[in-house]
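As given, the protein sequences belong to chains A and B, one line each in that order.
Heads up, the first sequence is in the working numbering, so the first residue is 515 and it goes up one at a time.
Heads up, the second sequence is in the working numbering, so the first residue is 534 and it goes up one at a time.
I should point out that these hints are in silico values taken from the structure, not numbers from a laboratory.
We treat Cβ as the ideally placed atom computed from N, Cα and C, and that holds for glycine.
Keep in mind that a hint or two might mislead.
Claimed, not checked - Once the Cα atoms are required to be at most 25 Å apart in a straight line, the calculated BS3-like pairs of lysine-lysine come out as:
id	chain 1	residue 1	chain 2	residue 2
1	B	Lys554	B	Lys570
2	B	Lys785	A	Lys564
3	B	Lys820	A	Lys564
Unchecked claim - Residues of chain B clear of chain A, computed beta-carbon distances all greater than 12 Å:
id	residue
4	Asn634
5	Lys635
6	Glu801
7	Ile816
Stated by the list, open to error - Derived coverage of chain B by chain A (criterion: at least 3 residues anywhere in the stretch with Cβ under 8 Å from a Cβ of chain A; other residues may be distant):
id	segment
8	680 to 688
9	771 to 781
10	845 to 852
Residues per chain, in single letters:
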Amino acid sequence: MLTSRGSGSELEVLAVGAEAVLLKGYFLGIKSVYKVRVPKPYRNPKLDLKVRRERTSAEAKHMISARRGGVNSPYILLVDPDAGVIVMEYIEGDLLRNILNSLPECRACTLLEHIGIMAGRLHNEGIVHGDLTTSNIIVCRRIGKPYLIDFGLARASEDIEDRGVDVHLFLRSLESAHFRVKDMAFRCFLNGYGKVVGEENLTKVVNKVKEIRLRGRYVEERRRHH
Amino acid sequence: MKTIVLGIESTAHTFGVGIVKEREIIADTRYRYEPEKGGIHPRDAALYFMNIGPSAISEALRSAGISARDLTGVAVALGPGLGPCLRVGATHARAMATYLNKPLIPVNHAVAHIEVGKLVTNVKDPLIVYLSGGNTLIAAFNEGRYRVFGETLDIALGNFMDTFVREIGLAPPYVVNGVHQLDRCAEKGKELIDLPYVVKGQDVSFSGLLTAALRAVRRGVPIENVCYSVREIAYSAIVEVSERALVHTDKKEVLVVGGVAASKYLKEKFEIMSSSRGVELAIVPPKYAVDNGVMIAWTGLLAFKSGITIEPERAYVRQRWRLDDVDIPWFGQ
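Pulled out of the complex, with its shape left as it was, chain A reads as follows (with noise of 0.2 Å):
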């Protein structure tokens, strides 16, 4: 069992996520989060291994990418692929998704719009989030900013393709878990969005968006069962 480093005191679970179990602990004397990826019994153990390795290092490479970019994002303190651990500096605030249908409409969209930004920045930056949802957004309690968590799923990519998958997933998080406010949540997170990446990108990526929804209603068009 992990213990934590420096101060002697045991770790705290602190989530049970869908790939990950979260734990608060000390870090060389800092408050810190333990990202543990725990095996899936249900995948082959060659290829759950191979996944979890891999992600484990994607995403701290791409953490350190998306802060030199200007991206709100967790230190790194330490990256065991191996393992599939990654220790990194604890955010004290609340998850967006749990308090943005109680916010007032402009403190929202003030918010809204910074995430746009840092969308934007991460684009910008050559780096596709991949599961950008008001999960995995942390709002800092102390000073009111946004943090992206969670870049599990990261890739490096310049395509209009994963960047309007990252923009469909980010809206349809707020549509599935947001409905009332999401068509004024979208438009703040584009206005940011839009400030970062210019108009041409923004058109682009707005026009994908589209083209990936019509792709579904596609699929679900197709009626062919067993």
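Please arrange chain B on chain A, whose structure you already have, making use of the hints.
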């Protein structure tokens, strides 16, 4: 007075007529169009439906032991599906409703798969995993509708499996004794080869896996190992996105609906995942997982009781009718 609804299904290859009396299924007539080769030709399927439609309806009424006058209403799947096929069912339903002067009830085919799944498995508020030849989507109820949390970005799981086995010469037939050719071929495989495992958020993508797998077969990799790897990767990706959606939505039940739900290997993976999450797993039995008229009748009954009907002259078919376009006012009742 008990509510009795007749439902007509004709979205793809099955012309189904079901009758429900409240929660009781009193008729279930099915005619399936079987192409001689290849897939469904919509026009041929529609012609077949036109020939057997009227007698299928009489047969259902006869087996229920009721007269058409006893019906409270007539429900029909107006979409999504193949246009020519949908129009045959819609024409029959409009004619019946007009002639008998009974209310006509519009039903979405995907909603019907979910509602009949809930009826036969008794789950209440599940995460829904809908896997068939044409559909791969993950949905859950939120704010009045079944919202889509994840889906395939390109081809559906069933379509992917069918295409793969057909291209490597194992099909048709695609399914033998209820087991898909992919599962059969994979049983002899042992070694996992390196193929793309694509999960994007809560979405999956199979087109890259299909290309890489076909290339591996052409390169001379033993076919059993390719089948095994394809099965492991495709099913694991589905279970992984389901697990993600489960965590995101915090639902306590998982309901697997649609024709692909029958695979025992997929079921095994879902069982491991749901027991580790402490949620209940329900897989719709094959009889009601495939297209049928009962699901349309049952969903029609639920809709009718919530006051949903449509004027026959406005009952157009909707080939691309999205699951999340449909209000579900009866949810939780």
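Cross-check of the supplied hints:
Under the criterion of a C-alpha separation no larger than 25 Å, the hint pairing Lys554 of chain B with Lys570 of chain B is inconsistent with the structure, at around 39 Å. Taken as a hint, the Lys785 of chain B and Lys564 of chain A pair is broken in the structure, with Cα atoms around 30 Å apart against an allowance of 25 Å. In summary, the hint linking Lys820 of chain B to Lys564 of chain A is not supported, as the alpha carbons are separated by about 38 Å, beyond the 25 Å threshold. Remark: the non-interface label on Asn634 of chain B is consistent with the geometry, its nearest Cβ contact in chain A lying 31 Å away (cut-off 12 Å).
Annotated as non-interface, Lys635 of chain B keeps its C-beta farther than 12 Å from every C-beta of chain A; the closest such distance is 27 Å. Its beta-carbon lying about 8 Å from the closest one in chain A, Glu801 of chain B breaks the requirement of being farther than 12 Å from that chain. Listed as a non-interface residue, Ile816 of chain B keeps its Cβ farther than 12 Å from every Cβ of chain A; the least gap is roughly 14 Å. For the segment 680 to 688 of chain B, the assignment as covered by chain A holds, since 8 residues bring a beta-carbon within under 8 Å of that chain's beta-carbons and 3 suffice.
Counting residues of the segment 771 to 781 of chain B whose beta carbon lies closer than 8 Å to any beta carbon of chain A gives 7, which reaches the threshold of three, so the coverage claim holds. Given as covered by chain A, the segment 845 to 852 of chain B fails the check, having 1 residues with a CB less than 8 Å from a CB of that chain where 3 are the minimum.
Taken one by one, the earlier hints fail for this structure at numbers 1, 2, 3, 6 and 10, listed in ascending order.
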